[in-house]
Amino acid sequence: LLERKAKIEGMQNGAEKAQSDLCAGEDAYNNGLKQARSKGLKSKEAFIEEASKEEKEIIDRINKKAQANFAEIKKQVAQETEQARKALEAEVDAYAKAIGEKILGRAC
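So the sequence shown is numbered by this note's numbering: it starts at 690 and just counts up by one.
Be a bit skeptical, because a hint or two may be false.
30 Å max Cα-Cα, derived BS3-like pairs, lysine-lysine [what the hints assert, rightly or not]:
no.	residue 1	residue 2
1	K742	K723
2	K728	K742
3	K775	K791
4	K753	K742
5	K723	K733
6	K754	K731
7	K775	K764
8	K763	K745
9	K706	K696
10	K745	K728
Don't read these hints as lab results, they were simulated from the structure.
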């Protein structure tokens, strides 16, 4: 009977130790998982921050290029407008002379 009791207590102690080891292993697993998630989240945030920075740089470059193109087009339109104005002024003088000749019936 004592032998049986000792055997049962030994088995019970073994089961308790196994249970304790299982809990410790579970805690270690959960801690490792928690650390991995934290590390993954930090990596994700760093990646998003870097991507956001690159996106901003690209947008800035595009905006600068667009502003330069806009300024060049504005300058070109101003030049073409000036050329058209000068051409029209010359035509206006010719038309005024022609109208004057028709009104007066003679060459000026």
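Hint check:
1. K742 - K723: Holds. K742 to K723 sits at ~28 Å (cutoff 30 Å).
2. K728 - K742: 21 Å, holds
3. K775 - K791: 24 Å, holds
4. K753 - K742: At roughly 17 Å apart (the allowed maximum being 30 Å), K742 and K753 satisfy the hint.
5. K723 - K733: The hint holds at about 15 Å.
6. K754 - K731: Not OK: K754 and K731 at ~35 Å, beyond 30 Å, violated.
7. K775 - K764: 17 Å, holds
8. K763 - K745: Holds, at about 26 Å.
9. K706 - K696: It holds: about 15 Å lies between the C-alpha atoms, which stays within 30 Å.
10. K745 - K728: Within the cut-off at roughly 26 Å; holds.
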